[in-house]
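Knowing the structure of chain A, use the given hints to seat chain B with the ligands on it.
Chains as they are written, first to last, in my numbering: chain A, 18 to 334; chain B, 564 to 1191.
Don't read these hints as lab results, they were simulated from the structure. Misleading hints may appear alongside valid ones.
Dumping the calculated DMTMM-like pairs for lysine to aspartate or glutamate here, alpha-carbon to alpha-carbon at most 25 Å [as the list claims (entries may be wrong)]:
#1 B/LYS763 with A/GLU330
#2 B/LYS985 with A/GLU330
#3 B/LYS677 with B/GLU655
Listed below, chain by chain, are the residues.
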Amino acid sequence: MFGLNLDACIIDVPEKYYSVQDYEKGVARWCPGCGDHSVLSAVKRLCKEEQLIPEKTVFVSGIGCSSRFPHYMNTYGFHGLHGRAFPVASGVKFRRPDLNVFVVTGDGDCCSIGAGHWIHAIRYNINLTVLLFDNQIYGMTKKQTSPTSPMGTISNTHPEGSVLPPINPLQTTLGVSNVSFVAQTADWVPSHLYSTIKKAYEHQGFSFVKILMRCPKFMPDIAKEKVSDKDMVRLLTHENGIPLGAEAKRFTHIVEHDPSNMDHARELAASPEISYLGLFYQNKDALRYDLYGAHNINYTPEQKITAINQAMERYVI
Amino acid sequence: MENDSHVKTAPQQGTVKRKQLRQHIVEIISDSGEGAQKAGQSFGAVCAKMGNGVWTVEIIPADIQPPPRTKESASGIRIRIGSERITNAGDEADLVVAFNEIAPYSRIDQDAFKPGTIMLIEDYWAGHDSSEIRENYARAMEDFEKRGYVVHQIPMEKECLKLVPDAKKGKNMWVLGMLCFIYNRDLRFAQAQVKQAFRKKSRAVVDVNLQLLQAGYEWAVENLDLRYDIPSIETQQELVVMNGNEALGFGVLAAGIEVCSMYPITPATSASHHLAETIEKAGGLVHQAEDEIAAIGFAVGSSYAGKTAVTITSGPGIALKTEFIGLAVMAEVPLVIINVQRGGPSTGLPTKVEQGDLLALLYGQPGDTPKIVMAPSTIEECFHFVVLARQIAEAFRIPVVLLTDANLATGVQPFPRPELKKEWLSPPIDQSPWTEDLQPYAWDKETGLSKRPIPGQAGGMFTLTGLAHTEDGKVSYSPDQNQRGVAMRSRKLATFGKTLKPPQVNGDPSGDLLVIGWGSTRGAIEEAVASAREEGAKVSSLHLRFVSPFEPGLKEIFSQFKQVVAVEINYSDDPDDPMITPENRRYSQLAWVLRAQTLVDIDSFSNVHGQPLRPGHIFNMIKSRLQL
Ligand SMILES: Cc1ncc(C[n+]2csc(CCOP(=O)(O)OP(=O)(O)O)c2C)c(N)n1
Ligand SMILES: [Mg+2]
Chain A
18 MFGLNLDACI IDVPEKYYSV QDYEKGVARW CPGCGDHSVL SAVKRLCKEE
68 QLIPEKTVFV SGIGCSSRFP HYMNTYGFHG LHGRAFPVAS GVKFRRPDLN
118 VFVVTGDGDC CSIGAGHWIH AIRYNINLTV LLFDNQIYGM TKKQTSPTSP
168 MGTISNTHPE GSVLPPINPL QTTLGVSNVS FVAQTADWVP SHLYSTIKKA
218 YEHQGFSFVK ILMRCPKFMP DIAKEKVSDK DMVRLLTHEN GIPLGAEAKR
268 FTHIVEHDPS NMDHARELAA SPEISYLGLF YQNKDALRYD LYGAHNINYT
318 PEQKITAINQ AMERYVI
Chain B
564 MENDSHVKTA PQQGTVKRKQ LRQHIVEIIS DSGEGAQKAG QSFGAVCAKM
614 GNGVWTVEII PADIQPPPRT KESASGIRIR IGSERITNAG DEADLVVAFN
664 EIAPYSRIDQ DAFKPGTIML IEDYWAGHDS SEIRENYARA MEDFEKRGYV
714 VHQIPMEKEC LKLVPDAKKG KNMWVLGMLC FIYNRDLRFA QAQVKQAFRK
764 KSRAVVDVNL QLLQAGYEWA VENLDLRYDI PSIETQQELV VMNGNEALGF
814 GVLAAGIEVC SMYPITPATS ASHHLAETIE KAGGLVHQAE DEIAAIGFAV
864 GSSYAGKTAV TITSGPGIAL KTEFIGLAVM AEVPLVIINV QRGGPSTGLP
914 TKVEQGDLLA LLYGQPGDTP KIVMAPSTIE ECFHFVVLAR QIAEAFRIPV
964 VLLTDANLAT GVQPFPRPEL KKEWLSPPID QSPWTEDLQP YAWDKETGLS
1014 KRPIPGQAGG MFTLTGLAHT EDGKVSYSPD QNQRGVAMRS RKLATFGKTL
1064 KPPQVNGDPS GDLLVIGWGS TRGAIEEAVA SAREEGAKVS SLHLRFVSPF
1114 EPGLKEIFSQ FKQVVAVEIN YSDDPDDPMI TPENRRYSQL AWVLRAQTLV
1164 DIDSFSNVHG QPLRPGHIFN MIKSRLQL
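One chain only, chain A, in its complex shape (with noise of 0.2 Å):
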């Protein structure tokens, strides 16, 4: 393969190069222009560049439009229930330390039913990469609000608009002990979307990236003003951040961040107006429960009967 003489060869080669048709599944059926769309290529790409094994991948979701994805991907995948993601992902996990596992999640499926999970996901620190989709609003379900829809927001649960302030997931998951990766991006900026995947995926534990999704069908405004105004939506730049492309030059702000620093990150999150893109936190050495979970695997057989048989010596009269 690639004209190299396999039998001359010491370093392992991997028997088959992926290009991105083989991790491309069925036609995504999300509306056109839809922010689903981009970061389904985003992650294409992201599996081509890492030549992830698609036996040796899967990709979890809950329910929702962005649910789906697991369906558009030629990977193994797990499309479960409304908010419960975080808990199969975890168990897929726990066990296998040989599998690369995704989580594709909605702002409803992880920040209102699946709430206790994400807390608790983020607390464990089991390393998966976590995409939330964020459009702010129930797709799939016909424009519900959503737990992060900006207040005031109309849809066909609050009519005449909704009644309490958003949720925040950058503070929330910045609020829970343990916490390793929070990064933000958006469905508009290729290059930075795809930085950032792969940064996310690059870190050993529980990556979360929430993504800025735009939903022409019931949030045409809001996506509008995103990705328009020049003010409201700015870059992080730091040498351990995300990488910026070429369209940083879109940017009139970049902002210095150091993603080791807790407090910034969290007065970064705090800013009810404006959306920074970029990572705000890592912390490489927080402790990882998946660790634990795999420090045990492959026992023989003898070795399983010998601790069985021991124990039970404890009940003989």
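Chain B with the ligands alone, transformed into the frame defined by chain A:
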């Protein structure tokens, strides 16, 4: 067995005439912290060693630290021993050892004694400094006599103080010695138990407890004329003694299940406690999830990734797991679900027994959710059924539910030590390349069975979904495809049912009355049936180990009896109650299902007292039905 020089051998009792018993029920009750349970467990172990049948069950206060000398603080143990195998806690106690006069009242509330029950009670309170206590004690003695108990006041405190400065620590071993004399137990076995019980303590502690044991025995020789014997044949077989939750834990280990994902809930939690002590050394883990939904979700994730997991819970937890159970059925994920049932509905009776979740497990999920439901009926089955459950779950690509209950969870019974087999352990995850062109749900037209791709298998990639799907795993809402998918998942139950044999009738295969049960009530039912048959009743019983699907041949078996009654611990309307007619009467849960399945007019005998069913009550029911 070694015979330490400082322990005097037991006085020879060969000449004393002893009353021969077939079985006896002993209770030891005290304030919590006085060691009644340790004494009772040791006594049970001694009896088991001598070859007797034994069933013990602990009497546990509801609160963590109730005030002493109150009914709430009564703590203790019931030990039922017999010449033959003992399968249940039985009826009223025959002999009670009480460390104070208040504790017995908590048992009187439970109807645990009868006229004639022998009561050996600590007399220390008769001479207590407080006049209030003295008077209370005197009043209780009078009341006990009135109730027909045969009371013996025993100077436990006084005798123990001869050996230890604090009688609270030691009275229990003195009592064990006394019981060993009363029941003609081999003191060497008791000495071994004392050494075992205090093995982590210093030599001095062991010695003083051996002295207390000896002293209790000798005091009884001199002062008591209660002399029984419960003949037995000493067994050479190695026995283990444990409760149902411990047996479940060992079952999980022996099945090679590497992930137990749970959230604490009484009375299921202790199964995970025992498991947690060992599972890491056996190459597995207990995951304590953030709630029951996460617990089963995590288990489903693990199973999907090739490590079939178990989740252990009780009623309220099952309610939360409902949606995931449906997903596991729909997506055909093997899974073991253990429900240690407690009283319901809602938070109900957390520590008490009920068999009230049968219908919830059979039908509690939206849509059609065929799954396999098994019900162990002995402690030993709690062990073996887990091993079986994992194998069935994987072979049939289906969740398997085990229904045990608080009675099995806490009941302790000896059984032959299982010889662990490699074949019981889960095989390594299949990572061989997937058969080309084989679809992820290639349902066999006859059986509904299909082979499952596991992440890591090259070429097997598919997206599991809870949405309606076709053989290729793709979402489809087509009318025919959905009909077919549901039918295929249902077919697996029929296929599994074909592997089962008709259940064995206990007693004659025909007669006037057939008593049907499931789960923990087996011992009580069979004992009641045996007693009734001794009195000439034409009664038999049938115990179901599988409740979904049923074992075959039930209708044929029922047809051989004039009456069939389901005996279970869940609610049924009393036919004589106001408003209740034969048409609107709500039957007990197994009866409902069997009536629907067989069109046989099966009656219900059930209650929700939160107590194990007593053989005596079932016996009376049989007699009254047969007008004996
Ligand atoms: C238990 C349960 N409750 C409700 C639903 C209905 N439901 C499906 S998707 C959804 C909201 C999805 O919103 P979000 O997570 O933001 O995803 P999006 O469609 O916007 O990508 C709801 C309420 C469900 N499937 N399951
Ligand atoms: Mg949404």
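Do the hints match the structure? See the list:
no., hint, in the structure
1, B/LYS763 with A/GLU330, "holds (16 Å)"
2, B/LYS985 with A/GLU330, "holds (18 Å)"
3, B/LYS677 with B/GLU655, "holds (6 Å)"
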